[in-house]
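Heads up: the sequence lines are chains P and B, in that order. Going by numbering that gives the first Met the number 0, the residue at position 249 of the first sequence is 248; the numbering climbs one at a time, nothing skipped. Going by numbering that gives the first Met the number 0, the residue at position 101 of the second sequence is 100; the numbering climbs one at a time, nothing skipped.
Everything labelled a hint here was simulated from the structure, so no lab data went into it. Just so it is clear, CB atoms sit at the ideal spot from N, CA and C, and this is done for glycine as well. Hints should not be assumed to be uniformly reliable.
What the hints assert, rightly or not - Across the chosen pairs, the derived CB separations fall in these ranges:
1. P:254 x B:79: 22 to 28 Å
2. P:417 x B:83: 44 to 50 Å
3. B:97 x P:381: 54 to 60 Å
4. P:391 x B:6: 46 to 52 Å
Stated by the list, open to error - Here are some chain P residues the structure puts well away from chain B; computed CB gaps all over 12 Å:
5. 220
6. 253
7. 289
8. 446
Claimed, not checked - Okay, derived cross-link-like pairs now, BS3-like style, lysine-lysine, Cα gap no bigger than 27 Å in a straight line:
9. P:27 x P:312
10. P:416 x P:387
11. P:317 x P:294
12. P:185 x P:387
13. B:85 x P:387
14. B:85 x P:294
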Amino acid sequence: MGVPTPMVMTIARDGELIESTQQNFIPKERYVSQEFFDLEMERLWPRVWQMACREEEVPRTGDFLEYIIGDQSILITRSEPDTVRAFYNTCPHRGTRLAAGVGNFATGEIRCRYHAWRFELDGTNKEVVDRFDFPPTMTDADACLNQIQVGRWGGFVFINMDPHCESLESFLGPVPELLEPYRFEKMRFRSYRSVILPANWKSVLDAFNESYHVQGTHPQLLRWSDDTAIRYGPLGKHNHMGGLGEVKREIRPSPRLGLQPGDYDERELLGVMIDELGGLFMKEERRQVEELKNKPLPEGMTAMDAYNDLRLKMLRRKGGDVEELTDEQLLSSDDVHFFPNVVGPIYPGSTTLFRVRPNGLDPDSTIKDLWTLEWVSPGDQREMCEHKFYPDWTAKDWGLVTNQDYANMAHVQAGMKSRGCTGLQLNPRQEQNVIHMHEVIDQYICSP
Amino acid sequence: MPRGCRVVLNVHVQPCGVDVEVGEGQSVMAAAEGQGIFWPTVCHGLAECHTCFFEVMEGAEHLEPPDGLEEVALQRFAGRSWYEGKVIRLACQARVRGSVVVRKLGVRRAS
Chain P
0 MGVPTPMVMT IARDGELIES TQQNFIPKER YVSQEFFDLE MERLWPRVWQ MACREEEVPR
60 TGDFLEYIIG DQSILITRSE PDTVRAFYNT CPHRGTRLAA GVGNFATGEI RCRYHAWRFE
120 LDGTNKEVVD RFDFPPTMTD ADACLNQIQV GRWGGFVFIN MDPHCESLES FLGPVPELLE
180 PYRFEKMRFR SYRSVILPAN WKSVLDAFNE SYHVQGTHPQ LLRWSDDTAI RYGPLGKHNH
240 MGGLGEVKRE IRPSPRLGLQ PGDYDERELL GVMIDELGGL FMKEERRQVE ELKNKPLPEG
300 MTAMDAYNDL RLKMLRRKGG DVEELTDEQL LSSDDVHFFP NVVGPIYPGS TTLFRVRPNG
360 LDPDSTIKDL WTLEWVSPGD QREMCEHKFY PDWTAKDWGL VTNQDYANMA HVQAGMKSRG
420 CTGLQLNPRQ EQNVIHMHEV IDQYICSP
Chain B
0 MPRGCRVVLN VHVQPCGVDV EVGEGQSVMA AAEGQGIFWP TVCHGLAECH TCFFEVMEGA
60 EHLEPPDGLE EVALQRFAGR SWYEGKVIRL ACQARVRGSV VVRKLGVRRA S
């Protein structure tokens, strides 16, 4: 074995950037210090491509949506049927925020509520009231909305506040090619919920970017899940988890249980898996498991094979083009972390993505958006679903697995603030995605 | 016989045929582990992993009713068709007051 390379992690202290080079160690300041949080606000968020919304959230010309990151509000609008634009949500006159939430500029223009300056949907100025009073040095450009970069891929609308940023294509790197067969552009919202969690945005993200915690936090999942076989690795700036391949051909418990083949019934485990993961599966998939339970398995097929067979038929009925999916993708899931702040499992035909954002300028509070998307049958012209918001996560039963994750959050954040904690000692294999995320954060914050 | 226990009761486990001698007040799983019998678990008695559950085949009336912790855990089995009509208990919580026959895959004498 070679000599391990120390991990270089930057922290901010008294206005200086300090490098910590302890092996396998993330200084806790990166999660709890206001100074590091402010550094992210200054150097990470304004420079990185962020998943601001889905195309179907602004389907008609004039539709708008406010995307908030920290103390920055970005106005996304569909200015023409095929053009989506993004602006800093501020009037060039006195800085008034122009729109909030979601809606439609029904008059085909954006009008400031304060002094009635008006703008075209493409951001150009339509009227400066009493312009003759202003000095002639004020140009048309001075009176326009301040536009920022927009990129689109897979039905997602990305924004980037850096006018000199790399292209979205370059930023996403190998992700689109890996995920192409899942046809994100054909997916639509099944549900959209947001919740406030009492922890740093990275603490929340970390909980969905590794499976090392499953045996501690969700031990009930080990009955049907071989958590030790999950593979992790970087995808450019992003991360990947999953790809169980052959392991998933036979649903089986974690080796941590000490069971042997014959000690479990595969069909029972399949049913338990579908129940435990609840909302991640479609109603029809649940029905198929019931079907399987009540009849003998076809000769030479495992329960997982038979289930996948039924699942494929269902996806084809929904008009899904499953032919491009590899066997591994059909049998498993690709969990992808889209740097910096979106993570989630992607299945043939559906996905649940978790987008985490700092809640204002508070390093101890996060807005977590849960997007459940699915392929829709041809001709299904569904409207955008209702966006439900839960300021107190304890006010709703999220299902056992999610409740377990959320219950950890406050303890993680509070524990890191202890004088007895200096940082995180991460598992170099099973938590490598967390380590990699920090390395990529440093690429941004170390550049002035 | 478990040390300090006055009454010893028998829990017969199918299909492995193992007999567990359970003392008064002892959980089935604790008794099994004390006798060198492997019983599947991850959380080792916290009623969190649900891995140690067994199905009661005979003598359900000889089991103490589930306490609050076990009751919460057993809700995970309620309403699921696979377990419909079956009496399910957690070995890490269940106490017995008479002989019981249970079914649990994976139980074996540790080698």
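Hints, verified against the model:
1. Evaluation of the 22 to 28 Å hint for residue 254 of chain P and residue 79 of chain B yields a pass: the beta carbon distance comes to about 25 Å.
2. A hinted range of 44 to 50 Å for the beta carbons of residue 417 of chain P and residue 83 of chain B is consistent with their spacing of about 47 Å.
3. For residue 97 of chain B paired with residue 381 of chain P, a C-beta distance near 58 Å keeps the hint of 54 to 60 Å intact.
4. Remark: the range hint 46 to 52 Å for residue 391 of chain P to residue 6 of chain B is upheld by a beta-carbon distance near 49 Å.
5. With a least beta-carbon separation of about 9 Å from chain B, residue 220 of chain P fails to lie farther than 12 Å from that chain, contradicting its non-interface assignment.
6. A Cβ of chain B approaches the Cβ of residue 253 of chain P within 12 Å, the least distance being about 8 Å, so the stated non-interface status is violated.
7. Against chain B, the non-interface label of residue 289 of chain P is violated: not every CB pair exceeds 12 Å, the least being about 6 Å.
8. The beta carbon of residue 446 of chain P sits about 44 Å from the closest Cβ of chain B, which is more than 12 Å, so the claim that it is off the interface holds.
9. At roughly 49 Å between alpha-carbon atoms, residue 27 of chain P and residue 312 of chain P are farther apart than 27 Å, so this suggested pair is violated.
10. The straight-line distance between the Cα atoms of residue 416 of chain P and residue 387 of chain P is roughly 32 Å, outside the 27 Å bound, and the hint therefore fails.
11. A hinted pair counts as satisfied when its Cα atoms are at most 27 Å apart, and residue 317 of chain P with residue 294 of chain P qualifies at roughly 25 Å.
12. Of the pairs offered as hints, the one joining residue 185 of chain P and residue 387 of chain P holds, with about 23 Å between alpha carbons and a cut-off of 27 Å not exceeded.
13. Straight-line distance between C-alpha atoms of residue 85 of chain B and residue 387 of chain P comes to about 38 Å, which puts the hinted pair past the 27 Å bound.
14. For the hint pairing residue 85 of chain B with residue 294 of chain P, the CA-to-CA distance comes to about 19 Å; that is within 27 Å, so the pair holds.
The structure shown violates the earlier hints numbered 5, 6, 7, 9, 10 and 13.
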